[in-house]
Amino acid sequence: MPQRQQRPHDISRWLRHAGTWRAHARWLFPENALDTLERSIRASEREHRCEIRLVIEAAMPLANVWRGQTCRQRAVQLFHQLGVAHTSERTGILLYINIADHDIELIADKGVNALVAARRWDAVVAQMSAGFRDERYVQSVLDALNTLRGIARESLPAHAGAAPDNALTDRPLML
Numbered sequence: 001m002p003q004r005q006q007r008p009h010d011i012s013r014w015l016r017h018a019g020t021w022r023a024h025a026r027w028l029f030p031e032n033a034l035d036t037l038e039r040s041i042r043a044s045e046r047e048h049r050c051e052i053r054l055v056i057e058a059a060m061p062l063a064n065v066w067r068g069q070t071c072r073q074r075a076v077q078l079f080h081q082l083g084v085a086h087t088s089e090r091t092g093i094l095l096y097i098n099i100a101d102h103d104i105e106l107i108a109d110k111g112v113n114a115l116v117a118a119r120r121w122d123a124v125v126a127q128m129s130a131g132f133r134d135e136r137y138v139q140s141v142l143d144a145l146n147t148l149r150g151i152a153r154e155s156l157p158a159h160a161g162a163a164p165d166n167a168l169t170d171r172p173l174m175l
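The sequence shown begins at 1 in the UniProt record's numbering and counts up one residue at a time.
It cannot be assumed that every hint is accurate.
Derived Cβ-Cβ restraints for the label pairs, each shown as a range [unchecked claim]:
{"#": "1", "residue 1": "Asp122", "residue 2": "Leu62", "range": "27 to 33 Å"}
{"#": "2", "residue 1": "Ala123", "residue 2": "Leu62", "range": "30 to 36 Å"}
{"#": "3", "residue 1": "Leu62", "residue 2": "Leu115", "range": "36 to 42 Å"}
{"#": "4", "residue 1": "His9", "residue 2": "Ser88", "range": "18 to 24 Å"}
Calculated from the structure, these hints are not laboratory results.
Beta carbons: idealized from backbone N, C-alpha and C, even for Gly.
All chains should be modelled from the sequences, with the hints used to inform the complete structure.
Spelled out as structure tokens, the structure:
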């Protein structure tokens, strides 16, 4: 997704984030959906050496919005803060969803990006965005995770007979 420039002190955006509560994200992604997404990530990671982290954020911290932080910048911040950037083979992938801004960001570490063309990541985001427009939130994320599974399995297959590293939790994080 092309990076959008956010203006500092954008009142309408600030109000949108102030008015988007965690309950909105929980309504779109209830507990049973999070369980399903977690199982999908766990099954996927048995087949490849990537670490996938899913973050669903209702709204960014209001101070960040006021300063004009973009969703891309927020995703990069979380990529480092949550340790996705610190996997042993540098194969972390962060899939970030921001409900207030209707934005999806995919950040992949060096070890994966060296093997996967950017257009493939863009296709995953476009696939999810299309599903979100049709209000198929959980299914769209599951479809995207399945696509990521194929990309990761093709690019960094699991070592035969080796147990998966699983350095990061498979549970989606709700912020």
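The hints, checked one at a time:
Between Asp122 and Leu62, the C-beta spacing of about 30 Å keeps the proposed range 27 to 33 Å intact. At roughly 33 Å, the beta-carbon separation of Ala123 and Leu62 lies within the given 30 to 36 Å, and the hint holds. Distance hint for Leu62 and Leu115: a CB-CB separation of about 38 Å, consistent with the stated range 36 to 42 Å. Between His9 and Ser88, the C-beta spacing of about 42 Å breaks the proposed range 18 to 24 Å.
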